[in-house]
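Residue numbers (the numbering used here), protein chains in the order written: chain S, 64 to 295; chain P, -2 to 248; chain A, 288 to 484; chain L, 77 to 135.
For the record, the hints were derived by calculation from the structure and aren't laboratory data. As the structure is a computational prediction, the values presented were derived from the model and not from experiment. A virtual CB, placed ideally from N, CA and C, is assigned to each residue, including glycine.
Computed footprint of chain L on chain P; a stretch qualifies when at least three of its residues, placed anywhere within it, have a C-beta under 8 Å from a C-beta of chain L:
{"id": "1", "region": "52 to 61"}
{"id": "2", "region": "90 to 103"}
{"id": "3", "region": "107 to 117"}
{"id": "4", "region": "209 to 220"}
SDA-like cross-link-like pairs, simulated, lysine to any residue; straight-line CA separation at most 25 Å:
{"id": "5", "chain 1": "P", "residue 1": "K113", "chain 2": "L", "residue 2": "Y99"}
{"id": "6", "chain 1": "P", "residue 1": "K113", "chain 2": "P", "residue 2": "I131"}
{"id": "7", "chain 1": "P", "residue 1": "K113", "chain 2": "L", "residue 2": "A83"}
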Amino acid sequence: MNPAHEGRAGLAAVFVSVVQRDLLLAVRRRADVLTSFFFFIIVVSLFPLGVGPEPNTLREIAPGVVWVAALLASMLALQRLLASDYADGTLEQLALSAQPLTLLVLAKILAHWLVTGIPLVLIAPLLGLQFDLPVEGLVAMTAGLLLGTPVLSLVGAIGAALTLGVRGAGGLVALLVLPLYIPVLIFGAGAVSAAVSGQSVEGHMSLLAAFLLFSLAAAPWASAAAIRIAVE
Amino acid sequence: MELNIWRFASPQVIYPIAGRMVPVFMALAALFTLAGLYIAFFVAPTDFQQGESYRIIFIHVPAAWMSMLIYLVMAFWCAVGMIMNTRLSFMMALALAPTGAFMTFIALWTGALWGKPTWGTWWVWDARLTSELILLFLYVGFMSLHAAIDDVRRADRAAGLLALVGVVNVPIIYFSVQWWNTLHQGASVSLTRAPSMASTMLAGMLVMTIAAWMYGIAMSLMRLRTIVLEREADSDWVQELFASPACGAKA
Amino acid sequence: MRGQRRLFGDLNFRVPPGEALWVSGPNGSGKTSLLRMLCTLLAPEAGEVRWRGRPVRSLGEAYRAELVYLGHAPAVKDDLSGLENLRFALAQEGRRVSEAALVDALRSFGLAGREDLPARVLSQGQRRRVSLARLLFCGDRPLWILDEPLTALDAQAVELVRALISGHLGRDGLVVLTSHQEVDLSGVKVQQLRMVG
Amino acid sequence: MNWGSAAEFFAMGGYATYVWGSYAVSVLVIVGELLLHGRRRRTCLRRLGRRVRPEKNPS
Chain S
64 MNPAHEGRAG
74 LAAVFVSVVQ
84 RDLLLAVRRR
94 ADVLTSFFFF
104 IIVVSLFPLG
114 VGPEPNTLRE
124 IAPGVVWVAA
134 LLASMLALQR
144 LLASDYADGT
154 LEQLALSAQP
164 LTLLVLAKIL
174 AHWLVTGIPL
184 VLIAPLLGLQ
194 FDLPVEGLVA
204 MTAGLLLGTP
214 VLSLVGAIGA
224 ALTLGVRGAG
234 GLVALLVLPL
244 YIPVLIFGAG
254 AVSAAVSGQS
264 VEGHMSLLAA
274 FLLFSLAAAP
284 WASAAAIRIA
294 VE
Chain P
-2 MELNIWRFAS
8 PQVIYPIAGR
18 MVPVFMALAA
28 LFTLAGLYIA
38 FFVAPTDFQQ
48 GESYRIIFIH
58 VPAAWMSMLI
68 YLVMAFWCAV
78 GMIMNTRLSF
88 MMALALAPTG
98 AFMTFIALWT
108 GALWGKPTWG
118 TWWVWDARLT
128 SELILLFLYV
138 GFMSLHAAID
148 DVRRADRAAG
158 LLALVGVVNV
168 PIIYFSVQWW
178 NTLHQGASVS
188 LTRAPSMAST
198 MLAGMLVMTI
208 AAWMYGIAMS
218 LMRLRTIVLE
228 READSDWVQE
238 LFASPACGAK
248 A
Chain A
288 MRGQRRLFGD
298 LNFRVPPGEA
308 LWVSGPNGSG
318 KTSLLRMLCT
328 LLAPEAGEVR
338 WRGRPVRSLG
348 EAYRAELVYL
358 GHAPAVKDDL
368 SGLENLRFAL
378 AQEGRRVSEA
388 ALVDALRSFG
398 LAGREDLPAR
408 VLSQGQRRRV
418 SLARLLFCGD
428 RPLWILDEPL
438 TALDAQAVEL
448 VRALISGHLG
458 RDGLVVLTSH
468 QEVDLSGVKV
478 QQLRMVG
Chain L
77 MNWGSAAEFF
87 AMGGYATYVW
97 GSYAVSVLVI
107 VGELLLHGRR
117 RRTCLRRLGR
127 RVRPEKNPS
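From just these sequences and the hints, can you work out the full model?
What follows is the structure, given as structure tokens:
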């Protein structure tokens, strides 16, 4: 049966196989996953040492610190997303698949988010306690990160794809991608400080959700275009 | 008719044309700058609230507008380049980027120099200034990505795609910063919402803006010609141009 | 075009079904770029590639569903075993293949007993055989584009690849390949395209 | 005319450092950009000259 005519069933099967393969690769390379995870924890724990243990100031800076650390940690892990596939030639096979590259890139981004985004979301409340954040603050932070980290992976994928095979790609991705993270940072951290001061986080969460939907629609397409340019 | 449009898209045709346009636009830029400065310093009255320090507006606002406009034009040329696959459009975008970045740099410095007397601090986290800073990062990102990729064809299209992604994000970033600014500082007085704009002030600013446009066009066309020479170095029309004993002095 | 240099120009050829196209020429003459152009990885500066008379640019995924491309890089992940690499490569084409069939394929390519070793420890030749094993399952894809399939292969593997290619051509398939040494496909018409440096 | 004397003009109502500072920065940046471009163009022309000369008049 010629794969082109399998249509939807084919697409779903290929999508799942790409996610499976990336998750298997992540398991085989646990060290990479743990480094970005511990990087997040270490960066967050450094701030009290720099700013002083005074709970009031810590509570004040907690949202910003946790969110900036999440931004940096997810960006650190971006290299893994496409760089090794580009090097060993599997990325061009992906570009030659009968299924739309945009959706296969989405599969890779989903796997990347499961491996790097989810751990950040799970550990964030614990770190929030380090900063003496009240419960509402922790809830808002976790919810914000749950909506925000996929955006970090999605937009980060564009940066990773643009800098494939380029020397000094690590620093370059940061330069390209961090400005695009700013809206997520503003509303993510804003949500936590709003929750702590008792205001409603309704607005922040809906905006984060809007960013998520927008990047879900636009980022995979842009990453696929960037991959086609890189693989040329 | 179709052929003639494509004729313009070739670097070889654009090179002499741009060569003739550059002096014209440079002269216009100088003219408008002189006129603008005259209005700015000798016609516009002293501002009852800010005294003389507001005169920085005559360079700050045109530079800020110019930095935003150039980014949009740059993204436009990148889009044309990606769709029509014409190398010249990418060269145009590349010629614009440095001028845009310099304009952003001017806007930031003049903004800080204006903030000090008006608000007592060198850096004001005003929404517009903050967005200007982020715009500078986008410019620097565009230029470094292009410089980091060796293969020129790929560098053009990768940087072009980044410019398109950037131009889509600029309004989102501006909106978020605007919202963030009003939240944290309460009703902050926006830096450039100058007090009642006397007509002469407005005139001065518009003339300076036109001067900035002229300068932007002249500068980017000049850089375009250099980029064309660098890229078409081993093509035969460049060889002829520089084969003459005068060795291209007149070219 | 590669970088600033024009690699080749005014190239015109047609490959009817059941025939092979052998692209030969010195290194850097653009053989690989030509193959990448044929499979839509690289866009030609001018001119176009046609499949069944229609430009591939407009066919898009439909065309890619009908071709197999094996490039210079063997497209094998170091952290996965030969078996897993083959399974995922085929899954990516939407093929469900039993473990037994995978093991047979790897064994016929002389990788018996090494199916579960991480590809990291395999030699370049063994890695290439893992990617070539895919061809055993791609009979239903008419167009095979193979970039130097015979490099780093021992006599027995070369023989197997040769048989695979002739079999594919016999079923009215199409093969475009680059190779430094002469490829004698007994009784099959081979067009040769010599690329000048 | 706003200014009584040249000195008053340069004092700029006490904001001299800020106003003249801004204009100085702008002039510096523009002149800098022109110089930078000039240098880039000269190196390009020199390289072109070298590339053409040896072929044209082989010694």
